[in-house]
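Asks: Chains A and B are the protein sequences, given in the same order.
Residues in the first sequence are numbered consecutively from 1, following my numbering.
Residues in the second sequence are numbered consecutively from 1, following my numbering.
Just so you know, the hints here were simulated from the structure itself, not pulled from any lab data.
Take these hints with a grain of salt, some might be off.
What the hints assert, rightly or not - Here chain B is said to cover these stretches of chain A; the calculated rule only asks that three of the stretch's residues, wherever they fall, bring their Cβ under 8 angstroms from a Cβ of chain B:
{"hint": "1", "segment": "48–54"}
{"hint": "2", "segment": "62–76"}
{"hint": "3", "segment": "83–89"}
{"hint": "4", "segment": "301–307"}
On a predicted model such as this, the values are computed, not experimentally measured, just so you know.
Backbone N, C-alpha and C define an ideal beta-carbon position, used for all residues, glycine too.
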Amino acid sequence: MRSKWNLLFCILFVTLTLGVGLFGLLKPKETISYYENRNLAVFPSFNISAVADGSWFRDLETYFSDHSVGRQTLQKLDVQVSSALGRPQINGIVEQDGMLLPFLPYNAVDEEAIKNDAELQTDSIRRLCDQIEAYGGSYFYVALPTQVEYNADRYPWYLNNRQELVACISEQFFKNCSEKGIPVIDMADRFAELGYPENLSSHVDHHCSLLGGYEIYRSIVSAINAQRETPLPFPQGDEITFHELPNPYLGSRNRPLFGYLAQTEHLWVSAFKTPVFYRRFNNGYEIGASVFDYDPNDTAGFISYTMYMGGDIANTVIDTGRDELPSILIYGESYTNCVEALLYYSFNEMHSIDKHAYHGSISDYIAEVKPDYVVCLRDYSVLCDNEGNGELFE
Amino acid sequence: MVFSSIAFLFYFLPALLLLYYLTPRRLRSVRNAVLLLFSLAFYAFGGPKALLLMLFSITVNYLCGIFAAARYPRALRRLALILSVVAGIGLLGVFKYLGFFAQTLNTFGLSLAVPQITLPIGISFFTFQGLSYVIDIYRGHAKTQKNPFLVALYISLFPQLVAGPIVRYTTVENELAVRTESASEASDGIVRFLLGLGKKMLLANAMGEMADAIFGQSGALSPATAWLGALAYTAQIYFDFSAYSDMAIGLGRVFGFHFPENFNYPYIASSVTDFWRRWHITLSTWFRDYVYIPLGGSRCPPARHILNLLIVWGLTGLWHGASWNFVLWGVLFFIFLVGEKYLFGRLLQRLPHIFGWIYTMLVVVLSWVLFRSATLTDAVRFIGYMFGAGTGAPRGEVVYYLLQYWPELLLCVIGSLPWVPFLKGKLESRQTPVSRFILSVFPKAAAIVIFALSYIKLSYGSFNPFIYFRF
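Just need the whole structure built from these sequences, with the hints factored in.
Replies: Encoded structure:
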C-alpha cells in the first residue's frame, strides 16, 4: 500500500513539473503585463558572450518567470491571501478605508542634503525667472500636495506617511523661494480652504482627479489675473460641465493589486459650454484635436490616467488661434496632464514639456518660444529635486 | 542554476528524471553519465567560465588521487597530497582571497592593485570535497577511484555542488558505483526537496526582505527595530541554508545517494559548543578531521589546544568569505568555545537549560550581525543600535514588521523546533492504520501544497539566490 502511494506521488511530481514546463513553453505568449504596466521578457537572443558570463541564463529565467503558467491568476490569489492575513501592505500598497496609498520605507530625513538641494534648485529657478522676466514674461511655481499628503492622516500610526520628510522639503523650499523672490502657488492652501474634498484626489492613483486639476487651473489663472488688467477667460458655473466615465479606473495604486477597487472611482471628463477650437501638436507633429484619449464605445474596459492628454508626451502645443490671449508654458511631471486638459481654454497657445521625456533644455525652449507665462507644477516630494523637471538648463 | 527557479523545477529536473529513470537500472554507467552531464550543465548555467575551473579541480584531484594511493612510494604519495592541497588552496587563494590579501596589505602602506575577480559559485564546497578525496586516499581511508568520470561525478554532483552539504568521498564511494533507487526513497526525497523549497521561498525570502529593509535603513535605529532586524537575519540564514541542505539531501535520495545531515535544529542549542554540533555539521566535521585533529586536537597542553582552536576558527571564518568580518566572526566563536571549555562550561551545564539557551542565542544573533554587515564599522554601529546607542525614536516600524510578517515569523519559530521528528516518532510508535496512513500521506500532501505556494512566489520572478552561494 505504502509503495503504491510512493510511486503515485513520484509520478504526480514528474507529471506536474513536466506538464507545467511543457505548457509554459507551448502556450501563446503575451507581450505585455497589463496590470504591471510593463513589457514581459522576450526569449533572450543567444550570443557567446552572454552565455559565457551567465547573463543569458539569468535572462532565460526571467523569461520563464514572466511566462509561467497561471502567473497572473496566482498573483491575484496571492494578493487575496495577503489581504486575508491582514498584512499592512501588499505589493507596496496600503489599503485604508477604501483608499490605496503607497507603502513608504522608514528612512531617516537628511536635513542637510535637503537644505543643499533646496538651495541649488531655487538658485536654478531664480535664474530661469530672470531669463523670463528679461523678455517681459512671468513665472509661477505651483507646489502640489500629492495623494500621500492629501491623505496623510489615513495612514495607520505605525506606518511612515512621510510628513516629516515633506515638512522639511517644503519648509526649505518655500523659505528659499521667499528669499529669492520666486512666486509660489501652494496648492495646500487652496485645498485647506476647500476643506480637502475627497473628489479632488484619487483613491486608486497618485495623481489628482480632473476636479483637482480644475482647482489647480483656477489657482494659476487667479495668480496671473492678479498681474493683469484684462482677466483671462476662465470657465466656471455652467460654462463647464464635468461627468464621470463608466469605465473602471486602473490607477498606479491598484495596478499592483490587479485592479482592486477599480470600480469604486471613475475618471472625469469635462466639456466647455463654448467650445474652444484648437490644433494640437505632439513633438512638432499635428495630431487630432483631443485632450481626452478614450473610446466612447468601450464603457467596460479599464481606463487609466493616461487618458488625460494621452499620457506623458515630451512636448505638446495647443494652438487656439486667439491672438488676443497670452501664451503659456507648463512643465512638470505627469501631474500637469489633467491641468493641461483644461488650461488651454484661457490661452492663445499652451505649451507643455515633461523633462522625463523631453531631451532638450527647458531654458532653451523658453528662449525660443518666449511664452508670456511659465508655470512649473511639481509635487511636494520633489520640490527640491534637481533632476528631471528640476534640471532647467540642460 | 538555482533550485528555486522555474528553469530548474520545470525544465531541468523533469528532463533529468525522465532521462535517468528511462535508462534501465542495469546500465548504471549510462545513468551516471546522464547525472554527470546534467551536473556539469547545472553548474554551467551560472556562467560556463567557472566550469573550466571546476574541471581543472576534478582533473588535479583525480591525478593526485591515483598517486596518493598506498601502493606508491611515500615520497610520491606526499607529493600528490601536497600538489592537491596547493592546487585546491591555490584556487581558493586566487579566486577568493587575492583581492582581500591585496587590500589588507595596502592598509600597511603598500599600493598593490586589487584584482576584481568574480567568485566562482560553490568554489569553497567543491574544493573541500576534492581535498577530502585525496586526503582520504592518502590516509588509507578510501580507495583510489580509477574511473575519472566517477571522480567527476563525485565532485560535480549537482544537488550538493554549490552550497553543500560537504559530502566526503567515503560517504558516497560505494553509491557512486552501486546504489539502489526506489519509489520509497525517491518519494521521501521529493518531499524533503519540496519542504526545503518552501523553507526558502516562503520563510527565508520573507525574513530576508525584513532583514534587508532594516539593515539597509538609513539613519539610526531604535533598539527594538535593530533586534528585530538581527532576529530576521538569524531566521533568514538558517532557513535559507538549511533549505538548500534539505533540497540537496532530498535530490540525492531521488537519485539513490545518502548525503549527511547538515543541520540538527541549531537554534535549540544550550551552548555555543552544542550550537556548532548542530550548525553546518559537514563543515565543522571537515575542519575537525582535516585541520583540528592533524594539528593535535585537544590531546595536547591547554595552550596548544587553544592555539589549535584559534587556527580552526580563524580558518572557518575565512572559509565563509574574504573579509575581516568573517575572520572576526570565527574568532568570536573561538572565544566562546574556549570560554566554555576552560572557564564557564560546567557552570553553564549546572544552570537551567533556558539560561544556556538565552546565552547561546545572544552569541549567535550577535555573530550573525557581524556576518551580515558589509564592514566592521557597520557591524559595530548596528550592534550599538541593538543596545540603545542609536538616537532613532521608535516609529512604529516594529509593529509594521510584526503585522506584515507574522505568519512567517510564527512558522519560523515552529520550524526551528524539533516537533516534526517528535510527532513522527509518536506516530511511528503507534503502528495503527491511521498513524501509518498519516505518516504516508500527510507529508506528501503538505509537500504539494508547499510546492504550489512556492510556485506563486516564483512567478513573481525575483531572482533570489541562496546566501551560501557566495561561499
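Asks: All hints are to be evaluated individually against the structure, with a verdict given for each.
Replies: Cross-check of the supplied hints:
Against chain B, the segment 48–54 of chain A contributes 4 residues with a C-beta closer than 8 angstroms to a partner C-beta. That satisfies the three-residue criterion, and the hint holds. A count of 9 residues in the segment 62–76 of chain A with a Cβ less than 8 angstroms from any Cβ of chain B is obtained; the coverage claim is therefore met, three being the minimum. A count of 5 residues in the segment 83–89 of chain A with a Cβ less than 8 angstroms from any Cβ of chain B is obtained; the coverage claim is therefore met, three being the minimum. Only residues whose C-beta sits within less than 8 angstroms of a C-beta in chain B count toward coverage, and the segment 301–307 of chain A has 0 of them, not enough to reach three; the restraint is violated.
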